[in-house]
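Participant: Heads up: the sequence lines are chains P and X, in that order.
Anchor point for the first sequence: position 78 equals 78 in my numbering, and the numbering is continuous, going up by one each time.
Anchor point for the second sequence: position 96 equals 96 in my numbering, and the numbering is continuous, going up by one each time.
In the EDC-like style, the derived pairs of lysine to aspartate or glutamate whose C-alpha atoms are separated by at most 20 Å in a straight line are:
| # | chain 1 | residue 1 | chain 2 | residue 2 |
| --- | --- | --- | --- | --- |
| 1 | X | LYS114 | P | GLU100 |
| 2 | X | LYS114 | P | ASP97 |
| 3 | P | LYS137 | X | ASP141 |
| 4 | X | LYS111 | P | ASP97 |
| 5 | P | LYS221 | X | GLU172 |
For the record, the hints were derived by calculation from the structure and aren't laboratory data.
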Amino acid sequence: MLLLYFFITCFSFVLLLKPLPFKPLPPWTSEMRLLSFWFLKDLFLFSYLGSLRSTLLKVLINRIPLKTTIKNMRLSASARAEKSSLDDEAGGMSVLDLPELALECILERLPPAGLCSMAGVCTSLRERCVSDHLWEKHMKQKWGRVIGPAAYREWQRHLASRKDLGSCKQGKPKWFMRLLSMFWPSSWSTPKADPINNSKQRSSPPVNSIMSWYLALETGKFRFPAQVFNRENGDVGFMLSCYDASLSYDPGTDAFQVRYPSHGRRAIATESGVPWERLRAPPFDTSPHDLHISDCLNDVRPGDHIEIQWRKHKEFPYGWWYGVVGHLKSCDGNENYCRCHNSVLINIKILRTDIVVLEFHQYTPGSRWRSTAVNRKEQREEGNEADGFYGGIRKLYNNEEICRWKRLWPTEVVESHY
Amino acid sequence: MSSSTDSPTLTTETTQLSPQPDTETAKPTKKITLKSSDNQIFEVEESVAMEFATVKSFFEDSPSTDTVPLPNVTAKPLSQVIEFCKEQIKFKANPDEAQKKKYNAEFVTEKSDKDLVDMIPVANYLEIKDLLDVLNQAVADRIENKSVEYVRSFFGIDNDFTAEEEAALRREHAWAYEGVDED
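One chain only, chain P, in its complex shape (with noise of 0.2 Å):
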């Protein structure tokens, strides 16, 4: 995997390099980036090599016509007197007057509604104000917390039900649809039309483009799956769960409209006004009915916060449970005694247990809901109809993550799932 990571890495650094001389970059230059960017976690690195592509298009941009230039004022004195204020850089000049780069700035410095003012100016400006690469960043500042891979599906669902879409399977390269589909953190980069050509829809942003997706997420026209913690607030029976729901944004209170799918007889629950923090963008590209299949269980130790799958039957989907790892009954929690993480060193013997024990304690002392065992062999959904049925287990190594299920806990102990 890491081997892979750096091949991915080097990989679209060298595609971000290479079609730099012939402007404009290919369509799919763009998707790359947003490729590289994914895998990029570590910003520094990001924030490196975007440097460094806009250093190079500098000096291409700039440098070049800035030395013939320098050519040009060498040749002749009285025809550089007669030359027009910045006429021989014409070429590099926009609508604005400004030069192309300075403009380029311009634009990346203004938030989305300036963007969207700046684009009803002139048709020039439009087409510069629905480019991707701009919208890139505002889609992850505000969105990127989210939206999942299965978001964006939904998108492209609502995109192919849409009569006037048009032709916008352009230009993606089967290898690349091929790559993205290996790793989901980038399938949500948009296939790109060319808004010039698309002369029917001047004043429409192209319907693919992600200025026009971050539009229908702001305005609350789009539904989007994603998970809510703590379903239907103040329902203790979903205290310190997060369950998938389709959610519309209003930005009008700068907060939810959710739509809860029904579980059983529990019919569809809906709820306003939920904030940006009771969301989140699912943590695995899996349907919520699927058993997920934990690569932490030989991993994890007491003490460790986890997440585990839960549903009352087997025919409603799963939701996440947060809970931490407890000791076994037969251990004092004594840190040179315990026996409970399957590597523990005692009297030079390794001891090893198949049982992990979660506990939730959220619920009172003696609930059957606080405290549950599995086993670190077998993995398999275990449960019954009155308890309840446990799936795979989520370890958090994120101090983030556990924070806000710490955030969540509720005033009182809470008596039952729901």
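Could you slot chain X onto chain P? The hints should help.
Facilitator: Just chain X now, kept in the frame of chain P:
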């Protein structure tokens, strides 16, 4: 320190408030003459002129030149750009990020929209990155929450959308058009 502004020759000098730590600039200060497209002459200290990458590379290519012609640059924005660079030299000698930030903010605040927009091609042509960043940000700040009409007049752009296109845009971007500042 004198600063003669008698026409036709505009002469600007760096006021020597503090001794320059740089040994090169401690030598008797060399002046460089810049000539704008409208034939105004600017005499600036070498250290200031070297802030202009374009001028710097010009001198590197032909060191014997005494006057650098700037056929792309008119006198007014050039004088403002020189003013900015003179201050930046001081901050180079005595780094004070807070003061520099304050100066940069004041520099753009007191400029008219036209002054800002006119300076950008000059800063770009002379390759003064810091100034370009300051100017680009200032322009972005001035237009970010303004109406479409305001932005048009800011840049002097004609509306080339048809009435239908314009109406469609307003429908689509209604949320962005709400709550803009007064023009």
